[in-house]
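So the chains spell out like this:
2 protein chains.
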Amino acid sequence: METTTEAGAATKRAARVGGRIFNFSPGPAMLPDEVMLRAQQEFLNYAGMGASILEISHRSKEFVAVAEEAASLFRELVSLPDNYSVLFMHGGAKMQFSAVPMNLIGLKAAHRAAYVETGVFSAGAIKDAAPYGAIETIASGRADKFVRIPELDMARLPKEVSYLHITTNNTAYGTRWNKFPETGDVPLVGDATSEILSRVMDYSQFGLVYASFQKNLGPAGTALVAIRKELFGHALPFTPPLLNYAAVDKGQSLGNTPSTFNIYFAREVMRSIKQQGGVREIERRNDLKAQLLYDVLDQSKFYKPLVDKAHRSIMNVTFDLPSAELLDAFLKEAAREGLYALKGYREVGGVRASIYNGMPLEGAEALASFMKEFERRRG
Amino acid sequence: METTTEAGAATKRAARVGGRIFNFSPGPAMLPDEVMLRAQQEFLNYAGMGASILEISHRSKEFVAVAEEAASLFRELVSLPDNYSVLFMHGGAKMQFSAVPMNLIGLKAAHRAAYVETGVFSAGAIKDAAPYGAIETIASGRADKFVRIPELDMARLPKEVSYLHITTNNTAYGTRWNKFPETGDVPLVGDATSEILSRVMDYSQFGLVYASFQKNLGPAGTALVAIRKELFGHALPFTPPLLNYAAVDKGQSLGNTPSTFNIYFAREVMRSIKQQGGVREIERRNDLKAQLLYDVLDQSKFYKPLVDKAHRSIMNVTFDLPSAELLDAFLKEAAREGLYALKGYREVGGVRASIYNGMPLEGAEALASFMKEFERRRG
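In order, the protein sequences belong to chains A and B.
Everything in the first sequence is counted per my numbering, starting at 1 for the first residue and increasing by one.
Everything in the second sequence is counted per my numbering, starting at 1 for the first residue and increasing by one.
Be aware that one or more of the hints could be misleading.
As the list claims (entries may be wrong) - A short list of chain B residues far from chain A (calculated; beta carbon distances all over 10 Å):
no., residue
1, Asn83
2, Ile138
3, Asp298
4, Asp308
5, Glu333
6, Gly349
As the list claims (entries may be wrong) - Derived Cβ-Cβ restraints for the label pairs, each shown as a range:
no., chain 1, residue 1, chain 2, residue 2, range
7, B, Arg378, A, Glu69, 35 to 43 Å
8, B, Arg336, A, Pro81, 40 to 48 Å
9, B, Ser204, A, Pro237, 34 to 42 Å
10, A, Phe180, B, Asp82, 46 to 54 Å
11, A, Gln276, B, Asp82, 49 to 57 Å
12, B, Glu69, A, Arg346, 17 to 25 Å
13, B, Val200, A, Pro81, 51 to 59 Å
14, B, Glu69, A, Lys332, 25 to 33 Å
15, B, Ala335, A, Glu136, 55 to 63 Å
16, B, Glu68, A, Leu288, 36 to 44 Å
17, B, Gly251, A, Arg271, 32 to 40 Å
18, B, Gly233, A, Glu136, 25 to 33 Å
19, A, Leu361, B, Ala130, 52 to 60 Å
Quick caveat, the hints were computed from the structure, so don't treat them as lab data.
From the three backbone atoms N, C-alpha and C, an ideal C-beta is built for every residue, glycine too.
The whole structure should be built from the sequences, with the hints applied where relevant.
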């Protein structure tokens, strides 16, 4: 007996805080209810100051404490080694597509960098790096339509490249790296935008990890950068100060006015993750949510998963339906059930359910139930 | 009979929404109560969508409508000529300190630009432009300790400079340009961060005007750029796409995920300005607020105004007290009266009252009363 009749779904929706639906948007994405509520409650008056967190100086002791706690919570949650800095920078991942080569391609005289193309955003990173040196795509999933992470022969990684760039989770296709390449002396750079703080990752494998805020950290417009300090000091001479990692680090991300609300929000998100038991516990819940949906796909002859089992993301679950008409009906009926923003990426099509940290288990359950019910009716 | 006894001030404070104090922070700064309230009210559920404005795609029809309305409200409020574009860009004014030369210094083969130094932020703009060409400070108020806007002999502006950069209002010192230089064929670039939408300005005098959000537009982390379209297309080859005006314009500021919450907030601010009667009415109120404070200064032998009458800002009112002890007592007692963040800029000292659009008349009245009362007691 399923509970996804329209009445059932309506009851579930009504039970949710503030009339909120289950929002499967790929980003900006659903943020945790408890953090949204807290931010709303103290929106006019932060910590009894009589002013909003939006309205106080980034140099006030109250905001400096917020920024410091945000950075130190991140360190704690990912067990970041001491020789790494945590930076909050303007712009999202796309700004890092430029900042990474501007800062790191000068690490070696050849000004070469290697990239792996695994989807839409890694392709964007490759394109945006082009003005800064010789950018080599050493592996690509393009011929396979990005349904899997390509094999990498690390013996073929040129020793003179300044870094190797990967996208750890691919939002548009719904794939992820399960085992990160071992790059030896070559710094590994990871765009973890769509999975930061969603699974346990060994940051010591990376020279640099960056992530936009708008999936697992908070409002759009800011990126978190975790960088091994020895990589500082090689920025190209025309690098803007706000994109220069060493300069941002020197100012402890407060050298100019940062996105104070976003950093505050990310602190609240990380406080909540810590309270729930840390990244390991969050990963367990995320695995559970994803498994609910993948189980439906694996037991169905109706839905067509879009990517290889071995490289499935637990953040973005993608699949298609037997026809454009059924896809259209699926998306429309899902929306009526309060299951929002399930349309696949425009270049990929089909359905994409983005189930970031902010998506409660009930959301994945509601979608799994709807999928089964839809298949029974229309399959 | 003044009303600034502690009890009187407490009553005023209690009457304000959400226990909010009068916040004279230079930025991030006090935002209009009515906008803060509205943003709080619909924080969990925007326009009945069941999701926050923070949580929906920047490409959703709902957000695209927000961004379009924000841009068109700005056009309307400042009577922007048709041959200008309005852009929303990541980072505040400091990001523009790099973006302006990256985009405009290539307008002429000499790669020269002229700057006027009128305070802390114009000095920052000059410094950050240095990597991109020959940057010439054609006039500076430094010898006068920035108490006035220096005289400019436009006949001496080299014809081969790509642009002339000024800071229209100087936050740290509290001065402003009353009459903008007539630059003929040389595009005039204005940093209007601390006074955007606060007074009537003729945008057709400028090739480009930019402003951080965090004083008169909304939360920190975003800049508004109004640019004459004929200036597109001269960016230096290494300009990051997100700092390239033509590229941002092509994507209508939505080419990557912008700070959606900030743009939404700015739209609400501009809706409110329009409803109140537009920039002319806002300017009238701002003049009134500033006059209240300047009247106290002009009638006092106790307070020492820091800048020349002829160049006084209506956004940042600066003055000093006869001694460090009195300054300290003034700031402490003001804070107890709910008059927050009055300490002057660290390189300037004294008192700075930032009275942006979000500061109600009552805030300026409360400060003026406190100043008179403090002078009576301690003068």
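Checked hints:
no.: 1; hint: Asn83; result: 28 Å, holds
no.: 2; hint: Ile138; result: 23 Å, holds
no.: 3; hint: Asp298; result: 29 Å, holds
no.: 4; hint: Asp308; result: 27 Å, holds
no.: 5; hint: Glu333; result: 16 Å, holds
no.: 6; hint: Gly349; result: 16 Å, holds
no.: 7; hint: B:Arg378 / A:Glu69: 35 to 43 Å; result: 39 Å, holds
no.: 8; hint: B:Arg336 / A:Pro81: 40 to 48 Å; result: 46 Å, holds
no.: 9; hint: B:Ser204 / A:Pro237: 34 to 42 Å; result: 36 Å, holds
no.: 10; hint: A:Phe180 / B:Asp82: 46 to 54 Å; result: 51 Å, holds
no.: 11; hint: A:Gln276 / B:Asp82: 49 to 57 Å; result: 53 Å, holds
no.: 12; hint: B:Glu69 / A:Arg346: 17 to 25 Å; result: 24 Å, holds
no.: 13; hint: B:Val200 / A:Pro81: 51 to 59 Å; result: 55 Å, holds
no.: 14; hint: B:Glu69 / A:Lys332: 25 to 33 Å; result: 27 Å, holds
no.: 15; hint: B:Ala335 / A:Glu136: 55 to 63 Å; result: 58 Å, holds
no.: 16; hint: B:Glu68 / A:Leu288: 36 to 44 Å; result: 40 Å, holds
no.: 17; hint: B:Gly251 / A:Arg271: 32 to 40 Å; result: 35 Å, holds
no.: 18; hint: B:Gly233 / A:Glu136: 25 to 33 Å; result: 30 Å, holds
no.: 19; hint: A:Leu361 / B:Ala130: 52 to 60 Å; result: 54 Å, holds
Of the numbered hints given earlier, the model fails none.
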